Amino acid sequence: MRFLTAKLRLYWPLIKSLQTGLLVATGLAGYMSARCPIFHLGTLAGLFFSLLASISGSTILNMWWDRDIDARMGRTHNRPLAADKIQPAEALRLGLALSVLGVGLAASMNAFYGLIIFAGLFFDVVVYTIWLKRRTCWSIVWGGISGGMPILAGRVLGVGGLDWIGVLLMVGILFWIPTHILTFNMRYFDDYQAAGIPTFASTYGFGFTRATIAISSILAALAMGLSAWGIGMAWGFLRLLGVLSFGLLLLAFAIMFRPSERVNFGLFKYASIYMLAAMLLVMIEVM
Amino acid sequence: MIKMTMLDRLLLLITGILAAYQVAVGIDSFSTLPIVAYSIAFGVLLVAGLLLIILGFEVLEAPIVVIVSTIIPLALSLGLVWQHLIAWRVIYLVFAIIGFLAIVITRTFSVCNKIPTIVLAIVHGVAGIVIFLLPVTLAARGDMRPWFALVGVGGALIGIGGLLLSFLKAGKPIFSREMILKILPGLLLVMTICFVIGFMFGPLQ
Numbered sequence: 001m002r003f004l005t006a007k008l009r010l011y012w013p014l015i016k017s018l019q020t021g022l023l024v025a026t027g028l029a030g031y032m033s034a035r036c037p038i039f040h041l042g043t044l045a046g047l048f049f050s051l052l053a054s055i056s057g058s059t060i061l062n063m064w065w066d067r068d069i070d071a072r073m074g075r076t077h078n079r080p081l082a083a084d085k086i087q088p089a090e091a092l093r094l095g096l097a098l099s100v101l102g103v104g105l106a107a108s109m110n111a112f113y114g115l116i117i118f119a120g121l122f123f124d125v126v127v128y129t130i131w132l133k134r135r136t137c138w139s140i141v142w143g144g145i146s147g148g149m150p151i152l153a154g155r156v157l158g159v160g161g162l163d164w165i166g167v168l169l170m171v172g173i174l175f176w177i178p179t180h181i182l183t184f185n186m187r188y189f190d191d192y193q194a195a196g197i198p199t200f201a202s203t204y205g206f207g208f209t210r211a212t213i214a215i216s217s218i219l220a221a222l223a224m225g226l227s228a229w230g231i232g233m234a235w236g237f238l239r240l241l242g243v244l245s246f247g248l249l250l251l252a253f254a255i256m257f258r259p260s261e262r263v264n265f266g267l268f269k270y271a272s273i274y275m276l277a278a279m280l281l282v283m284i285e286v287m
Numbered sequence: 288m289i290k291m292t293m294l295d296r297l298l299l300l301i302t303g304i305l306a307a308y309q310v311a312v313g314i315d316s317f318s319t320l321p322i323v324a325y326s327i328a329f330g331v332l333l334v335a336g337l338l339l340i341i342l343g344f345e346v347l348e349a350p351i352v353v354i355v356s357t358i359i360p361l362a363l364s365l366g367l368v369w370q371h372l373i374a375w376r377v378i379y380l381v382f383a384i385i386g387f388l389a390i391v392i393t394r395t396f397s398v399c400n401k402i403p404t405i406v407l408a409i410v411h412g413v414a415g416i417v418i419f420l421l422p423v424t425l426a427a428r429g430d431m432r433p434w435f436a437l438v439g440v441g442g443a444l445i446g447i448g449g450l451l452l453s454f455l456k457a458g459k460p461i462f463s464r465e466m467i468l469k470i471l472p473g474l475l476l477v478m479t480i481c482f483v484i485g486f487m488f489g490p491l492q
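Residue numbers (the numbering used here), protein chains in the order written: chain Y, 1 to 287; chain Z, 288 to 492.
Just chain Y, with the same shape it has in the complex (with noise of 0.2 angstroms):
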């Protein structure tokens, strides 16, 4: 016993309970939006597990990747597998175990759900992290698709198949994650220059990066908002999505026109209130 929770504590960190927690809450939305018979506890669990575990994998494989540049960073060097304290090939195992397990769970769910996460685990595993990270700062755009495969998979599993409210989840989230993302280069700056990793910032400059923060999130604002609207969202609900879209657009651009480090870190922390909240929205709305 004292040796699971020893391994569970060490594995923890490995699955960025945060981000992979927001990622699991925006594939339940998707479901939750197609206003099926969400009480299906069968379904619920199946949906959950199969997220959790294929959202949980590909993290652990990006970190089994990305250990040696975490080494080299300042924010993640303590990371388990870039302080050695697991070996590479445990996590390998586990990365892969747990990627295997949630695509076939969804596979023997829907095979059309088990098609799309396992197109967000390949596409955040192999294209972004592999193949784009260290060469371009444009991998972000397959990042982005690939964090907006659960809630399209979601959206699926409720449906029944691809309609257009689905797909605009999915760009809300995909136009989400430069807002999040981008701004977390600025602040690590000098991290990700060490390490090596093409960033808009180091490519591009912070003048271009701040402004495609505000343009993506003038788009994800309003694929949120329209999406919300195809669900079928109430006012008073639609109201409060427009009020907290208000909040993202008037950080994304104060960080425009009155740059400083202070509000770079409140955009990066409110776009992440932001999407659960909007979430939290379409889960409470159709309950």
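Just to be clear, a hint being listed does not mean it is correct.
[To be verified] Taking lysine-lysine pairs in the DSS-like style, the calculated list, with each CA pair at most 30 angstroms apart, reads:
1) 459(Z) <-> 290(Z)
2) 469(Z) <-> 459(Z)
3) 456(Z) <-> 269(Y)
4) 16(Y) <-> 290(Z)
5) 269(Y) <-> 469(Z)
6) 456(Z) <-> 469(Z)
7) 133(Y) <-> 16(Y)
8) 459(Z) <-> 401(Z)
9) 269(Y) <-> 290(Z)
10) 290(Z) <-> 456(Z)
11) 7(Y) <-> 85(Y)
12) 269(Y) <-> 133(Y)
[What the hints assert, rightly or not] Pulled from the structure, derived: some chain Y residues nowhere near chain Z, Cβ distances all over 10 angstroms:
13) 3
14) 5
15) 10
16) 87
17) 92
18) 94
19) 96
20) 131
21) 159
22) 197
23) 214
24) 215
25) 222
26) 242
27) 262
Bear in mind the hints are in silico, worked out from the structure with no lab data behind them.
Fair warning: this is a prediction, and the values are worked out from it, not measured in the lab.
Using N, Cα and C, we set each Cβ at its ideal position, and we do this for glycine too.
Start from chain Y and add chain Z according to the hints.
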């Protein structure tokens, strides 16, 4: 600058949740303009609460705080007047727009003399009196249930909070900065509770 405690963050979070409830559910039965006005008021309160949680009290250093702290009472009072003082609707709408613009202008461009402070005092004063007296009067006359007087209590609290912040920003603090920041999260929460209960139980069935 005073560091924000966990209790402060918790109080602000509850304030934000209550403001979010008010925007999403609490004003659904009203007509268009009050819905817009209350959405602005509670929306600003929600976003301001979140920004305070994320960025700490330092966010109050921003020059925009004076303008933001004017939006809440102006929008709330406009919603109340539109709902309950039909004859004054247009006049108050004009006052709200001009008052807001006057504060934006006097705070954006450097105006040497006492005009910015006078404008601030007039706009906050009128809005504060409306939010305090109108609900209390309506409740006392029986036009609304007694609970509606709580909106007036919330109005008095927001008036106090707005004046404290505005005069602090204007460089003429009524209390010390530390005292104001210490009571601000609690003041915002009590004020929001008063508004939510007042709007929920105030209307006659």
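### Task
Could you grab the alpha-carbon distance between residue 133(Y) and residue 16(Y) and see if it respects the 30 angstroms cut-off?
With a Cα-Cα distance of about 18 angstroms, the restraint between residue 133(Y) and residue 16(Y) holds, given a limit of 30 angstroms.
#### Entry: Distance restraint between residue 456(Z) and residue 269(Y), which requires alpha-carbon spacing of 30 angstroms or less
holds, 26 angstroms
### Query
Does residue 3(Y) really sit off the interface, with its C-beta more than 10 angstroms from all C-beta atoms of chain Z?
Answer for residue 3(Y): holds, closest chain Z Cβ roughly 35 angstroms.
### Task
Determine whether the non-interface label on residue 242(Y) survives the test: each CB of chain Z must be over 10 angstroms from its CB.
Incorrect as stated: the minimum Cβ-Cβ distance to chain Z is 8 angstroms, not above 10 angstroms.
#### Entry: Status of the stated non-contact between residue 262(Y) and chain Z (beta carbon gap over 10 angstroms)
violated, 6 angstroms
### Message
Can you confirm whether the C-alpha distance between residue 456(Z) and residue 469(Z) stays at or below 30 angstroms?
### Response
holds, 16 angstroms
### Query
Given the hinted pair residue 269(Y) and residue 469(Z), is their alpha-carbon gap at most 30 angstroms?
Holds. Residue 269(Y) to residue 469(Z) sits at ~24 angstroms (cutoff 30 angstroms).
### Query
Keeping to a limit of 30 angstroms between CA atoms, is the pair of residue 459(Z) and residue 290(Z) held or broken?
With a Cα-Cα distance of about 22 angstroms, the restraint between residue 459(Z) and residue 290(Z) holds, given a limit of 30 angstroms.
### Task
Quickly compare the C-alpha distance for residue 16(Y) and residue 290(Z) to 30 angstroms and report which way the hint goes.
Roughly 28 angstroms separates the two Cα atoms, so the pair holds.
### Message
Minimum C-beta separation from residue 5(Y) to chain Z exceeding 10 angstroms: can you confirm that?
### Response
holds, 28 angstroms
### Message
residue 269(Y) and residue 290(Z) were given as a pair; does the straight-line alpha-carbon distance stay at or below 30 angstroms?
### Response
OK: residue 269(Y) and residue 290(Z) at ~18 angstroms, within 30 angstroms.
#### Entry: Minimum Cβ-Cβ distance from residue 131(Y) to chain Z exceeds 10 angstroms
The claim holds: residue 131(Y) sits with its nearest Cβ about 35 angstroms from chain Z, beyond 10 angstroms.
The structure fails hints 26, 27 (numbered hints given earlier, in ascending order).
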